[in-house]
Amino acid sequence: MPALSSTKFLRLLQTFDESELKAFDAWLRSPWCNSNKNLPRLLDRLKKYHPYFDNPRLDKENLFYQVLPKGKFSDRRLNNLLSEAFLAAEKFLIFQHVSDDYSLQKAMLAEEFQSRYLDDWFFGNTYKEIERLEAREVLDWEEHLGLYRLYRLIYHHPNQEPRMQPGASPIGKMGAHVDLLYLLEKAAIINEMMARNRLIQGEDHDAQAELKKWKAVSEGVHHPSIDLYRMRFAFLAENRLSQYWALRESLVNTMEQLNEREQKLHLLSLLNDTIAFIKSGQLDITDSLPLYQLGLQTGALLHQGKLTRNTYTTIVITSNTKGTFDYTTHFIETYTKRVDEPIRDDCYQWAQAHTSYWKKDLEQCLKILQQHTFKTPYFQLVSRVLHTQAYFDLYLIDDSYQFYLFNFFEAFEKWLAREKVWSRSTRASFLRFVQICRALARYHADALTGPQKVEQLLEEEHDVQALNWLKQKKAEVVRLKSGKKPRL
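If you read the sequence shown in numbering that gives the first Met the number 0, its first letter stands for residue 0, the second for the next number, and so on.
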């Protein structure tokens, strides 16, 4: 018998927060919304097991007799009740969505007034909503669509007076908003096509043909996001660092003029550009920190309030590499709770170890790494990188760590070969990291090898883990072999 937690109704209930669960309970108890008196009882029995519904006492038979005490247990009857509850939950979510969308409510009300021939109410309500939306400094995609729909309703109203007036303002407004909707959505698609052509083997979108049409329609249209897309498409065509900085400055200056969706699209695209320049060696990893800080400030890096694992680790790495430890501490304390719960502890322990390393407290870094058992494969991998870095630095300080370091190189390589969860390119990137670390360590140990041989390392190296750190270590090894004292 399938577990209750796998049913559609309980899977949907798992996504409800406490306030939604309370509102849904009130919905089911309203005769206008629900006529089945068994559904409130069903929800009442299930609420105490929310959100996971994994208690062993929660099974179909027990639930049946709690909700439907009369009659013999029937799996089919309970399944029918759960199906009816799921349909009720779907209707509740639709109601919730409409209740939270004021613009949608006003548009639907305008359509109702028009269909009931309440023309004075229709025009009064519609023009009032148009005035409210056009007074806003920044409109989201749905609001642009709402304005288009409202002007369309006015222009195509059976009363011909609005469209027969000189200038026909409604049709002009319709055209402007539909052009803007097209340009914003089409630009986002073209940008994605170009990115996929660059990154995914086998993709061959004719982005240039689409871009040619977009440019023709966009001529004469001025909007902060459209202007940024113009700069972005020019940059993608030539990929010059000077164009990147101009685009970056424009985005920072116009961020507040963009809606949340456009903020996210432009910022994430710019971060991808930044990462490409970092990998090519034209930018330092620390150059990306202001963009990540802007993304956190505006919420553009948060999806439904959550922060991805990669974004979390990248911000910690970038901030610590820059030496802004106060910001790192603030970030860890503020945003660790924003990552998914199963990886939260791994995130926190790794971040603490990473911060200790960059503060040059190598013993504390190793202590954290050795005391915590990382559960997720990703943190098992990056914690080994951090382990390698700590041993490497200790070796540069004290030759007695040479044995530990080279043993760890070998163990890391064997672990990479054994673990099958990683793609070939990912494994190669981390394997190359170990190989270069070993080469640097050998150069440091060999008194007869001149620093000029070390200088050849990392030439034409792009697809390697921790490239920025490797460059720093290479410079340090060269300095140590040449006998120069460190700069104060």
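Do not rely on the hints blindly, as some may be mistaken.
Said to hold, decoys possible - Taking lysine to any residue and the SDA-like style, the derived pairs with C-alpha atoms no more than 25 Å apart in a straight line are: (1) K185 x G123; (2) K321 x K374; (3) K321 x F378; (4) K59 x I93; (5) K470 x F407; (6) K321 x L393; (7) K359 x Q464; (8) K321 x I396; (9) K358 x R308; (10) K36 x W120; (11) K359 x G304; (12) K470 x V420; (13) K211 x A245; (14) K480 x S399; (15) K21 x R131; (16) K211 x Q281; (17) K21 x G70.
What the hints contain is simulated information worked out from the structure, not anything from laboratory work.
Hints, one by one, checked against the model:
1. K185 x G123: Measuring from Cα to Cα gives roughly 34 Å; hence the hint is violated.
2. K321 x K374: 28 Å, violated
3. K321 x F378: 22 Å, holds
4. K59 x I93: Judged against 25 Å, a Cα distance of about 28 Å means the pair is violated.
5. K470 x F407: 21 Å, holds
6. K321 x L393: Distance ~21 Å between K321 and L393 Cα, so the pair holds.
7. K359 x Q464: 20 Å, holds
8. K321 x I396: 22 Å, holds
9. K358 x R308: 23 Å, holds
10. K36 x W120: The given pair, whose Cα atoms are some 39 Å apart, is violated under the 25 Å limit.
11. K359 x G304: Given that 25 Å is the threshold and the Cα spacing comes to 33 Å, the pair is violated.
12. K470 x V420: 28 Å, violated
13. K211 x A245: With a Cα-Cα distance of about 23 Å, the restraint between K211 and A245 holds, given a limit of 25 Å.
14. K480 x S399: 18 Å, holds
15. K21 x R131: 32 Å, violated
16. K211 x Q281: The given pair, whose Cα atoms are some 30 Å apart, is violated under the 25 Å limit.
17. K21 x G70: 30 Å, violated
Figure legend: structure checked against the earlier numbered hints; hints not met, in rising order: 1, 2, 4, 10, 11, 12, 15, 16, 17.
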